Amino acid sequence: MNPLESIIPPTQEIPIPKYDLDPEQEKQEILRHYRALLRGLRPKLKRGDRELVRIAFEMAADAHKTMRRKSGEPYILHPLAVAKICVEEIGLGVRSTICALLHDTVEDTDLTLEDLEREFGNEITKIVDGLTKISNVMDTNTSQQAENFKKILLTLTDDPRVILIKLADRLHNMR
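In this note's numbering, the protein residues as written are 7 to 181.
Simulated from the structure, these hints should not be mistaken for lab results.
Be aware that one or more of the hints could be misleading.
What the hints assert, rightly or not - Think about it this way: if two alpha-carbon atoms lie no more than 25 Å apart in a straight line, the pair counts; the simulated DSS-like pairs of lysine-lysine are:
1) K71 - K33
2) K132 - K52
3) K50 - K132
4) K33 - K76
5) K71 - K139
6) K132 - K76
Given the structure is predicted, the values throughout are model-derived calculations rather than measurements.
Start from the sequences, fold in the hints, and give me the full structure.
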């Protein structure tokens, strides 16, 4: 027996719950999460905002349609959860919600920054680009930690929503 095991128990792998819904139930679950997001966002919606959120949701859902989380659930539930955290727990608005819905699309799918620019304009594209860059910075090994924090701070000066959305992303992954 390793002497440290008496002080520090070996790490145990936490089992991931099995996700088991048929396609119709899955579709209903996705819509339930989307509607919950819209309910939370309702006080902040201005004319035309609901349509932009819908377009972002549909783009993200289509881009992630073949992707699954480790639990087996459709990947789109992750951006929906991140967007909901941004709205309900951090207090961010419509633009941040759109960015949260799209936060993994450029990094993990065939969507490009140019696609986002065409659909949503420069502001949202810059934030999603910042999220993609910060993901690359935060996911590297710890020997680069100091340099990573410098890059994070530089990103923060550009638009603090990048950091807030990334924190919501990490929070959902930890939950």
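What are the numbers of the hints that this structure violates, sorted from low to high? 6
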